[in-house]
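Enquirer: Given next are the chains, with one letter for each unit.
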Amino acid sequence: MPATDGARASVSRVRRFWNSSVGKKVVMAVTGIIGIGFVLGHMAGNLQMFKGTGAAQAMHDYAVLLRKTGGLLWLIRGVLLGAIALHVTAALQLSARNRAARPVGYGAKKDQVSTLASRTMRVGGIVLLAFIVFHIADMTFGIGVPGFVHLDPYNNLRNGFTRWWTVVFYVVAMASLGLHLFHGAWASLRTLGARRPSAAPLHRNIAVALAIITALGFAAVPIGAAMGLFTDDTPVTDESQTVSTLTGGVR
Amino acid sequence: MELKSNIPGGPIAEKWDKHKFEMKLVNPANKRKYHVLVVGSGLAGASAAATMSELGYNVSCYCFQDSPRRAHSIAAQGGINAAKNYQNDGDSIQRLFYDTVKGGDFRAREANVYRLAQISVNIIDQCVAQGVPFAREYGGLLANRSFGGAQVSRTFYARGQTGQQLLLGAYQALEKEIAKGGVTMYPRTEMLDLIVVDGRARGIVTRNLVTGKIETHLGDAVVLATGGYGNVFYLSTNAKGSNTTAIWRAYKRGAAFGNPCYTQIHPTCIPQSGDYQSKLTLMSESLRNDGRVWVPKQAGDTRAPHEIPEAERDYYLERKYPSYGNLSPRDIASRAAKEACDSGRGVGPGGLGVYLDFRDAINRLGRDKIEERYGNLFQMYERITDEDPYKVPMRIYPAVHYTMGGLWVDYNLMSTIPGLHVLGEANFSDHGANRLGASALMQGLADGYFVIPYTIGNYLAGQKLEPVSKDHPEVRAVEREVEERTRRLLGIKGKRSVQSFHRELGKVMWEYCGMARNAQGLQEALARIPALREEFWENLNVPGSGEELNQSLEQAGRVADFLELGELMCRDALHREESCGGHFRTEHQTEDGEAKRDDEHFTYVAAWEYAGEGKTPILNKESLEFENVHLATRSYK
Amino acid sequence: MNVTLRVWRQPGPSAAGKFVEYQARDISAEMSFLEMLDVVNEELTAKGEQPIAFDHDCREGICGMCGLMISGVAHGPMKATTTCQLHMRSFTDGDTITVEPWRASAFPVLRDLCVDRSSLDRIVQAGGYVSVSTGNAPDGNAIPIAKPDADAAMDAAACIGCGACVAACPNGSASLFTAAKISHLGYLPQGQPERYRRALKMVAQMDLEHFGGCTLFGECQAACPKEISIDTIARMNRDYLYGSVFEREESRSAGGAG
Numbered sequence: 001m002p003a004t005d006g007a008r009a010s011v012s013r014v015r016r017f018w019n020s021s022v023g024k025k026v027v028m029a030v031t032g033i034i035g036i037g038f039v040l041g042h043m044a045g046n047l048q049m050f051k052g053t054g055a056a057q058a059m060h061d062y063a064v065l066l067r068k069t070g071g072l073l074w075l076i077r078g079v080l081l082g083a084i085a086l087h088v089t090a091a092l093q094l095s096a097r098n099r100a101a102r103p104v105g106y107g108a109k110k111d112q113v114s115t116l117a118s119r120t121m122r123v124g125g126i127v128l129l130a131f132i133v134f135h136i137a138d139m140t141f142g143i144g145v146p147g148f149v150h151l152d153p154y155n156n157l158r159n160g161f162t163r164w165w166t167v168v169f170y171v172v173a174m175a176s177l178g179l180h181l182f183h184g185a186w187a188s189l190r191t192l193g194a195r196r197p198s199a200a201p202l203h204r205n206i207a208v209a210l211a212i213i214t215a216l217g218f219a220a221v222p223i224g225a226a227m228g229l230f231t232d233d234t235p236v237t238d239e240s241q242t243v244s245t246l247t248g249g250v251r
Numbered sequence: 001m002e003l004k005s006n007i008p009g010g011p012i013a014e015k016w017d018k019h020k021f022e023m024k025l026v027n028p029a030n031k032r033k034y035h036v037l038v039v040g041s042g043l044a045g046a047s048a049a050a051t052m053s054e055l056g057y058n059v060s061c062y063c064f065q066d067s068p069r070r071a072h073s074i075a076a077q078g079g080i081n082a083a084k085n086y087q088n089d090g091d092s093i094q095r096l097f098y099d100t101v102k103g104g105d106f107r108a109r110e111a112n113v114y115r116l117a118q119i120s121v122n123i124i125d126q127c128v129a130q131g132v133p134f135a136r137e138y139g140g141l142l143a144n145r146s147f148g149g150a151q152v153s154r155t156f157y158a159r160g161q162t163g164q165q166l167l168l169g170a171y172q173a174l175e176k177e178i179a180k181g182g183v184t185m186y187p188r189t190e191m192l193d194l195i196v197v198d199g200r201a202r203g204i205v206t207r208n209l210v211t212g213k214i215e216t217h218l219g220d221a222v223v224l225a226t227g228g229y230g231n232v233f234y235l236s237t238n239a240k241g242s243n244t245t246a247i248w249r250a251y252k253r254g255a256a257f258g259n260p261c262y263t264q265i266h267p268t269c270i271p272q273s274g275d276y277q278s279k280l281t282l283m284s285e286s287l288r289n290d291g292r293v294w295v296p297k298q299a300g301d302t303r304a305p306h307e308i309p310e311a312e313r314d315y316y317l318e319r320k321y322p323s324y325g326n327l328s329p330r331d332i333a334s335r336a337a338k339e340a341c342d343s344g345r346g347v348g349p350g351g352l353g354v355y356l357d358f359r360d361a362i363n364r365l366g367r368d369k370i371e372e373r374y375g376n377l378f379q380m381y382e383r384i385t386d387e388d389p390y391k392v393p394m395r396i397y398p399a400v401h402y403t404m405g406g407l408w409v410d411y412n413l414m415s416t417i418p419g420l421h422v423l424g425e426a427n428f429s430d431h432g433a434n435r436l437g438a439s440a441l442m443q444g445l446a447d448g449y450f451v452i453p454y455t456i457g458n459y460l461a462g463q464k465l466e467p468v469s470k471d472h473p474e475v476r477a478v479e480r481e482v483e484e485r486t487r488r489l490l491g492i493k494g495k496r497s498v499q500s501f502h503r504e505l506g507k508v509m510w511e512y513c514g515m516a517r518n519a520q521g522l523q524e525a526l527a528r529i530p531a532l533r534e535e536f537w538e539n540l541n542v543p544g545s546g547e548e549l550n551q552s553l554e555q556a557g558r559v560a561d562f563l564e565l566g567e568l569m570c571r572d573a574l575h576r577e578e579s580c581g582g583h584f585r586t587e588h589q590t591e592d593g594e595a596k597r598d599d600e601h602f603t604y605v606a607a608w609e610y611a612g613e614g615k616t617p618i619l620n621k622e623s624l625e626f627e628n629v630h631l632a633t634r635s636y637k
Numbered sequence: 001m002n003v004t005l006r007v008w009r010q011p012g013p014s015a016a017g018k019f020v021e022y023q024a025r026d027i028s029a030e031m032s033f034l035e036m037l038d039v040v041n042e043e044l045t046a047k048g049e050q051p052i053a054f055d056h057d058c059r060e061g062i063c064g065m066c067g068l069m070i071s072g073v074a075h076g077p078m079k080a081t082t083t084c085q086l087h088m089r090s091f092t093d094g095d096t097i098t099v100e101p102w103r104a105s106a107f108p109v110l111r112d113l114c115v116d117r118s119s120l121d122r123i124v125q126a127g128g129y130v131s132v133s134t135g136n137a138p139d140g141n142a143i144p145i146a147k148p149d150a151d152a153a154m155d156a157a158a159c160i161g162c163g164a165c166v167a168a169c170p171n172g173s174a175s176l177f178t179a180a181k182i183s184h185l186g187y188l189p190q191g192q193p194e195r196y197r198r199a200l201k202m203v204a205q206m207d208l209e210h211f212g213g214c215t216l217f218g219e220c221q222a223a224c225p226k227e228i229s230i231d232t233i234a235r236m237n238r239d240y241l242y243g244s245v246f247e248r249e250e251s252r253s254a255g256g257a258g
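Residue numbers (my numbering), protein chains in the order written: chain D, 1 to 251; chain W, 1 to 637; chain E, 1 to 258.
Among the hints, erroneous ones may be present.
[To be verified] Per label pair, the in silico range of CB-to-CB distance:
1) V20/E to E484/W: 51 to 61 Å
2) R77/D to R6/E: 38 to 48 Å
3) F19/E to E534/W: 39 to 49 Å
4) N27/W to R99/D: 25 to 35 Å
[Stated by the list, open to error] One-sided excerpt, in silico: chain D residues whose CB lies under 10 Å from chain E:
5) D111
6) M121
7) V123
[Claimed, not checked] Lysine-lysine pairs mimicking DSSO-like chemistry, simulated, CA-CA at most 30 Å apart:
8) K24/W to K4/W
9) K109/D to K18/E
10) K495/W to K201/E
11) K4/W to K637/W
12) K31/W to K464/W
13) K109/D to K147/E
14) K369/W to K18/E
15) K213/W to K201/E
16) K201/E to K180/W
17) K180/W to K31/W
18) K320/W to K4/W
19) K47/E to K493/W
20) K47/E to K507/W
21) K615/W to K637/W
22) K47/E to K213/W
Since the hints were made in silico from the structure, they are not lab data. Glycine is no exception: its CB is placed at the ideal position from the N, C-alpha and C atoms.
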């Protein structure tokens, strides 16, 4: 087979895969798992907030470390953005198909076993998307955060969460994240066909743990801030520069 | 009418091979020029349509259900026989042949039965290759169970859903051919008449059950695989839609009807619970592998089953038929149950029931083993009766299950109308006066996969078939008759529903032409059925129109035919002055109440020929020769 | 007992439908749900009205022809039970029962409670079989099949094609139906040669028929009268994924001179 034919065949293979309902679900599962990996890493970083004295420095060093990786941070950002884009696109397209699959609804319909989490995947997903946008504007760009200082996440969080509505929004979003993972983490492995048959396939352990840990782990920071737990006032220092000089730098 | 059975010459074991060689063939390139119409999509119809399409014929297939997968073959539970002798227990083609002829009370055609036994082994192979998930042993090889009327273990099964799995195999083969374009499928389409041109079957008239449109389909041969007519009794184990219309219309167009009175009453069904009952549910015969049938010894004993001590129970099958015991053939087990109930020892509401008890089997094998073997059947029983058969013995009672009679066919499965072939339960051929358990699936698939694909070629290659146009006067005439009949049914606008007529007919049939028959009763039925038919055509109420999905109209057409068939069944039962298999005439029994055959006068197939509206049908006889099995009194003692 | 029925009535495929209330009086608890409908229909017929059209055939839970949405639950409140095997003892006197047809764009309503499920047949046509012609089979015992595999195949093959999975799925997906057939054949050695091609084709057909996608709600499994597990869907996805990557394209040189 000539090479061009081979390439064409591969393209049509990818197209067929993407166009199929199973293919899109596989894409959602893979991008979802990427998301889970990110979320866990992010959460581990966040929890340094609770170090007590030295927490501000730790958070700073962590932020700087991420920027010292050269292109890796941008690669990760790229992968994450791509994953989100694919996840959201597939979700929107599948939702449209699913809605079209039942143009006339039931006069009465009772759900038997589906979980609240599974039924709120779409709404929860929208909440999460809105949250991501807000969160980046809020904690990366510092829009609206009083006294925002670049690369001083500890104090930025402390300041940011002085606004009560941000705390509420973050906590709600993290609850949605928990629900989203409660279904998504469990479903993604089945979508990928990576689970062995089980007598009770609806039963889940890992997903429950994951959902609870991430929701609590993330919500701990805004709640902790609201409760005034972050009291480390030690100024943050860098090897050669002080933070204040850094703020003038390129973001 | 001349009945030419066309049985090939030579020793019985060589007849089929010899015949296969002698039959004419159709050149592969010519096969697609032939159009074969297959009516019915059960085991026989689906397997026939698929196989003929594989060979290259242009096939159309029709079923009244919404999908070919729903045909009533799907409800068969227990299994399918095959002379594989995998169990090394002495089975052979000869033994399966012998058991089937004997089981049929020596009223089947030897050559057909022998062929069936020969083909049985190929069926299992074919089904395994299709992916039918038969039960397996831990070593990975096929498992077997025992069935009534045999002393070897030759029944292959897929849990309690053997019919379903075999049908899905045939259905998948059919869908494969539909996808390839070899078969055109017409679901929700009911055949309402047969078109015979120049003495040959050339087409059918159908009604599209969704739009109501009456349509004509023409071809070179017609294959009917439309199942049995047990629903003439209203209450039977048949699906609600099972009907006689296709074969009855063919009968009225000149196909002889063989042995219409041979009806199988299955001994293990769930008893009726009330007048509203719409159908009866079978509990697989396989249950009698481990269940013991009994009634109290004392008439009128109303104690709960567990309160009746062992010494006061009558395990009547084990007592009367010690060598076959609970696995006695169906006709014998049914009659024994009726006898027990008639003597006032029946259990449950109305005393119409006997116990099928698993207590001993559960004690011996453990509940798990029983659950593994019969779990789904026990579940079904509990669902219907609200009783737990692991704790309380099942109550069972005989019910109409299968009709051995059907359109008369020759060795090639062709009826007395050239070109009209009849397969499976719709024909009369292989089971004589009583069918053994697990043989219906075998026959349906044998006919469809392995017989008709050969014999249809022989027919087509031997004919010069002129094309028939839809404007042919004969075609138009049949079409008009069908339309007229539909209009008539809709136009009566009387007071009674179809269902009420059907129920009444069923009661008459069960009363007088059921498990035990006698001349007086049959004559009574022969007086009552025409009267009921007359009322039907005057007082029927079918709402709605013909140009829409109208289930009352569908039912009305079917019941109209049952009202005619019922009369023929009684007539046949009256003329057969002997007892054989499922046909038990109380006048003809031995001192201990067993069936008494009259081989001297009745060793023949009664093939009834339609003589015209209002005329007595003509009886033709195909005498049965027994060269390989000696006519003997059938004993399971 | 007496119950009130709210039944979907629709005179034809393109006609508008609506709920109509009927009283079912003097119903015995031993009646099946369909026998109760028979009683209502007899009354309607006597009044000269059109009886309620509903599909049914074997009435013993195996043909898959019956299927009603009963008060919001496919096949009614009893687990692992088809509509025909549901008995009135599952209801109490005075209940109001809503009866609707299966709802999916791939299951257009034909009349009242009857729907057209031929889309399921077309999914099977796409590849739900083993391509073996009659007469080609080796001995049934030539290939031993481990009992657990035979049993797993049988579990999946128990599907009766009723469409309850589609009806119950909030997405109107036929994944459980399709996956059951893919699993049935995929567990058996006879199904291996076409295993991945089968998954690719059947899934493609499922999409073409405008069924929704699977989001693993689990409702299908709960509605299935034969209790087919959603694990079959995981299997279907795996076969689809594998086939998407590794399945060879059909050879162009097939046939050739000969």
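Enquirer: Of all the hints numbered above, which does this structure not satisfy? Sort the numbers upward.
Expert: 1, 2, 4, 7, 10, 11, 13, 14, 15, 18, 21
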